[in-house]
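K.L.:
Construct the entire structure; sequences and hints are all you get.
Here the sequence shown stands for residues 1 to 52, numbered as in our numbering.
Bear in mind the hints are in silico, worked out from the structure with no lab data behind them.
Some hints could be false.
[Claimed, not checked] For each label pair, taking beta carbons as the anchor points, the in silico distance ranges come out as:
#1 R18 <-> T39: 31 to 37 Å
#2 E7 <-> G28: 54 to 60 Å
#3 E3 <-> E40: 52 to 58 Å
Beta carbons: idealized from backbone N, C-alpha and C, even for Gly.
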Amino acid sequence: MRERERERERERERERERDIEERERDRGGDRERQRQRETERDRERRERETRD
1 MRERERERER
11 ERERERERDI
21 EERERDRGGD
31 RERQRQRETE
41 RDRERRERET
51 RD
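P.N.:
Right under this line is the structure:
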């Protein structure tokens with residue numbers, strides 16, 4: 001009985017850790033996309049400035 005409860009608690013803890021890792025990975029991906037958008041905007045601005 002108690003062994004099963006402990007196993008369930010360990011499984012919940014593993015799921016919690018997995019959720020945290022996934023959230024951190026997603027946040028890293030968001031940062032990468034944000035950086036790509038910024039460099040794209042900078043490039044467009046430079047192209048406009050060279051045309052003017």
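K.L.:
Does each hint hold? Answer for all of them.
P.N.:
Consistency of the hints with the structure:
Between R18 and T39 the beta carbon distance is about 32 Å. The supplied range of 31 to 37 Å therefore holds. The beta-carbon spacing between E7 and G28, approximately 32 Å, falls outside the hinted interval of 54 to 60 Å. One distance hint, 52 to 58 Å for the beta-carbon pair E3 and E40, holds here, with the actual separation near 56 Å.
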